[in-house]
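Peer 1: Chains as they are written, first to last, in the working numbering: chain A, 1 to 269; chain B, 270 to 965.
You may find that some hints are simply not true.
[Stated by the list, open to error] Pairs of lysine-lysine, DSBU-like flavour, derived with a Cα cap of 30 Å:
id	chain 1	residue 1	chain 2	residue 2
1	B	K543	A	K228
2	B	K629	B	K543
3	A	K93	B	K704
4	B	K629	B	K477
5	A	K93	B	K648
6	B	K526	B	K629
7	A	K228	B	K748
8	A	K69	B	K477
9	A	K238	B	K629
Hints in this document: simulated from the structure, not taken from any laboratory.
Here the structure is a predicted model, which means the values were calculated and not measured.
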Amino acid sequence: MKTPSKLALLAWFAVGTAGTLATLPLAPVAHAAPAAGELVKMLQTVDDRQRNSGDYKSLVYIEQKEKDKSDLVYQAVIYRRDETDKLVIMFLKPQAEAGKGYLRVDKNLFMYDPSVGRWERRTERERIGGTDSQRADFDESRLAEEYAPAFVAEEALGKYTVNHLKLTANAGFDVSYPVVELWLDKATGNTLKRQDFALSGRLMRTTYYPEWMKQFSPSKKAEVYTPKEIRIFDEVEKGNSTTIVMQSVDLNSLDDSIFTKAWLESKSR
Amino acid sequence: MSAALGVLLRMALRNLVVHRVKSGVVGAIMFFGVFLVVSGTAMLDSIRASMEKSITSSLSGNIQVYSSEAEDELALFGSMAMGASDIGEIDAFAPLRELLLGIDGIKAVVPMGIATATVFGGTEIDRVLNDLRVSTQAADAEGTKMRFEQLGQIVGRMRKDVALAATASSDPEKVEDNLASLDRVLAPGFYDELVADPSGTLDWLDNKVAPVAADGRMLYLRNIGTNLDTFPKSFDRFRLVEGEMVPEGQRGILLSKAFYEKQAKNYVARELDKVKKQLDQGKTIAEDKTLSELVARTATQYQRIAFQLSPVDATVVTEKLRAKLGTDGDLATLLQSFLTMDDTNFADRYAWFYAEIAPKIRLYELPVGEEITLRSFTKSGYIRAVNVKVYGSFEFSGLETSDLAGANNLVDMMTFRSLYGKMTDDQLGELAEIKAASGAKAVTRDSVEDDLFGGGGGSLETETTTTTGAGFDEFAGVKLGAAGSAGALDTTRYTTAQMEDGLALTAAVILDNPDDVPAMIETIEAAAAAKGLKVQAVDWQSSSGIVGQIVMVLQVVLYAAIFIIFLVALVIINNTMVMATMERTTEIGTMRAIGAQRPFVIVLFLVETMLLGAIAGGLGAAAGALFITWLNHVGVPAVADALVLLFAGPRLYPVFTASNLLFGMGSILAISALSTLYPSVLAARVPPVVAMQAKE
C-alpha cells in the first residue's frame, strides 16, 4: 500500500480540523442560506401556528420588574378575533386595575379606564398597563405580512439549533419596530428569541419564548400554538423586564358584543 | 498724640501727591475693587431679597420640611436632574403639622405634594364624537343634531384635504378607503343611521373616520397638591385670574395662566403670540428668517381654526374674511390667505384675529369649567386616572411672565394622592398573592439564555387538551366596578382633616419673622428628632431647586471676582510699597536720623496706604452707590425667564444699604493694611546711617 505524502496528510488534517470547528455550536454554522421563499415560509409557519380561524381567549399574568421599584403585576384576560382584527385586553387583578382595558379594532387602539369612564386613542407603541409589553405581544402574529425576512446564520441558542433571521418592515404597515431579528428553533419552527430594533439600529427589546403550548382548535381543525411564557427585557432601560405567563387558553367562540366599547364599559358598571 | 497724627497725615498726603503715578495706579485698583464690592453685593442682596419675596410668597414659604429619607433634594420649581426625583414621603401629615404649629414663631403650615400628569388633548373630531356619544346616550335629540352638524362640517373639510393630498399619496388604496368613509358620513342618510344605532355608528366613526384626522396631542402638567382652602391665605402673591376657587373641601384643579398661554392655547393663536413678541423686540418678518418661517408655518395650520368653527360661525367668518381681504374663496383659502402675514399687516390682522376669530374657537384646551382627565404614572408604576373640574386659572403677582413660576398647577390633596398612587399594605399584599399564584420562575438577564434554553434538547412544546366545553371563567373571584363610579366626578365634600391628614410630601412653613429662618430650621429639626419624626428642614432658597442654584452660582461668581480683584490689589500694593521703600531709603534714613522711631515709620507707611484706600475706596463706594441708584431708577430688565423669578418681576430695582458700603470700605482698608505690613516693616529696618551715606 502506498504511504500518503506529507502534503496529503496535511491537507487531510486541515479538512478535518475545519470540519470539527464547523460543528462547534457557538460559531455560526456555514450553511447555504435558505432561499427567500423558504424564509417567508418560516414566518408563515410561525404566523399560521398561532393563528386561530375562530376566536381566542386567554388568561394571562403580566409582571413588570423595574430597577429600584416594586414589581408591577396584573392578571388580564385577552379576547381575540383574528378574522376581523379585533382584540380586547382587560385587566382583572389587582382590584384597583380591574375593568381597565384596551380595545383594538382595525388599526385603532383605544384605552378605557372605568375610574374616569373615558376612552383614549393610543399609539401602536403603547406600553400595556405601563409594562414593557405592547399590543402586538398579545395579538395575532402577522410577521410574514408585515416584514421582509433575510437570513443571518444558523446558530446555537442554549442547547437548541436555531435559524437567525433579520426582518425589515414592509412599507405601509404600522409596526412597533421597523427591524426585528428572530431566532427560530430549527427542529420545531417555533420562535425562541426575538430582538426589536429602532430605525436608528438601536436595540430596544429582547424577548424570549421558552415554551409553546399546542391546543387543537375545532374551528381551525388544526393545532394552535401559544407561547406559554414570554420574557421581555428592556434594552434601553436596563434592569427592566416583563414576564407574561399564559395561564389558560380557550378557543371557544366569543360573543360579538365583547369587541365593542360598550361591552368594556358595561363590565365596570 | 493728635499733633503726631496730624504730622503723619500731612506726610502721608504729601507722599501720595509726590508719588502720584503710583498712587493713581494703586488707587484705581482700589476704586474698582470697592465699586465692585458695593454694586455687586447690593445687586446680590437685592436679588436675594426679591427672590425671597417671590419664592416664599408664591410656593415655598420660609421653610420647607420634607422626609430625611429623601434620595434627592427638594426642587419646587424643578431641578437640573432628569427624571422624577425622590423626595421621600410624609406618611401622616397631622403629627408633623401639630408639632410645627406648636413651635413659637410659626404662623402657618401648608401640606404639599408634587405629581405630574398628562391630559390627552384629543382632536376636534375625537371631541365631537365624544360629545355625540354623551348626547346619544342621554337621548338628547337637539344636542345630537347640533353635534352631528359640527361633525359634518369637519368631515367636509377633511374630505377636501384628503382629496387634495391624494395625488401625492403613495398609498392610493388607503386614500380611496378614507374618501369612501368620509363620503358615507356626508351622505344624506347617515344621520338616520346614527340615530338608529348610535353605539355601532359611533364605533365605526371612531375606527374609520377619526384616524383620518391628525393625531391629538398630549399635554403635560406638573401639579402641586395642597390645601386649596388655606393656600391663598398663606401665599399672598397668589391671584385668581379667571373662574373661581375650588369649593371648600372639594376636589378640583387650578391651572396656571402660563400653562394656558404656553401649552393649552390654540396652536395658531400661540404662534401668532410668538410672532408678536418677536416683532415687539424689534425683529421684522422680512429680515428675520426664523420669524418668516414661523409665519409661513402658522399659515399652513389654518385647519386648527377651521375645524373648530361651528357651521354658523364658519359662514360668518367666511363672509367677514371676504370683506377684510377683498377676495373670494372658501373658508380654507381665505384663512390661509389671512394667515400669510407680513410686517405691514401683522399688527392689524393680529388684532382682527383676536376680535373676530378667537371668540368663536376653542382658544384654550382644558378651559375653565371643564371636567378633565388627569392621568399619571404613579410611584408604584401603575397608571392612575382621575377626573377633576378646572375651577379657575391663577398666577403669582409680579411673576406673570415667568414660565418657571407658572410651571406648577394647583390641585387638592385628595387628587394629588390619587395621582401619586401610594399603595396601601393591603394592596401590596394582593400583589404578592397574584405573584405567588402565577408560578413564574425568577430568571436573571445575565443567565437568561442558559436558564431558559440550557436544558434544551427536549420538546419546547406542551400539549393542552382543553379545546371545547366551558373553558375558564375569567371573572371568577374578580370584583369589577370597584375602581370607581364609571367616570362620575367625585363631588364629595372632604373635611380639612381628610384633606390634610394623609400622605403629603412636604410642609411649607410660614414664619412670623422671615429673618428667623436659620434658627427656626435648627428648632424644627431638633423638635422633630425629639418626636421621632424623620424629616429635614431647608430654607426657601434650597427648596426652590434650579432657581436657588442660579443665585448660588451668581454668589460664587461675584465673590470669586471680588477675591481675584483684591488678591491682585494686595500683590500690586505690596510690590509698589516695597519699591517705594527702596526708593525712599534716604528719606526714611533721614527721618530715623532726626529721631523717628521704627513704629513711627511703620505707622507712616500704613497711614499712607490706608489714606489712599480711604480716598479711592470712598470714591469707589460712592460710584457704586450712584450706579445702584441709577439702576434703581431705570430697572434691570429680566432678559431670561429664570431672571423674572429671581427679580420677582420683569425688572429688578436694586437698592444699596449701609452694610454694602461698610463692607466695601472695610474690605479695602483691611487689604490696604495687610498689603503694607511687609513693606512698612522693611522700611522700619532702614538704619539712620543710610541717609548720611546717600549721594547728593
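Peer 1: Evaluate each hint against the coordinates.
Peer 2: So, going through the hints one by one against the coordinates:
Straight-line distance between C-alpha atoms of K543 (chain B) and K228 (chain A) comes to about 55 Å, which puts the hinted pair past the 30 Å bound. Taken as a hint, the K629 (chain B) and K543 (chain B) pair is honoured in the structure, with Cα atoms around 21 Å apart against an allowance of 30 Å. For the hint pairing K93 (chain A) with K704 (chain B), the CA-to-CA distance comes to about 11 Å; that is within 30 Å, so the pair holds. Between K629 (chain B) and K477 (chain B) the alpha-carbon distance is near 28 Å, which keeps this suggested pair within the 30 Å criterion.
Taking the CA atoms of K93 (chain A) and K648 (chain B), the gap is about 18 Å. The hint holds against a cut of 30 Å. At most 30 Å may separate the alpha-carbon atoms for a hinted pair to count; K526 (chain B) and K629 (chain B) meet this at roughly 20 Å. With a C-alpha separation of about 26 Å, the suggested pairing of K228 (chain A) with K748 (chain B) holds against the 30 Å cut-off. Taking the CA atoms of K69 (chain A) and K477 (chain B), the gap is about 40 Å. The hint is violated against a cut of 30 Å.
As the CA atoms of K238 (chain A) and K629 (chain B) are separated by approximately 50 Å, the hinted pair breaks the 30 Å bound.
Hint check: violations occur at hints 1, 8 and 9; the rest are consistent with the structure.
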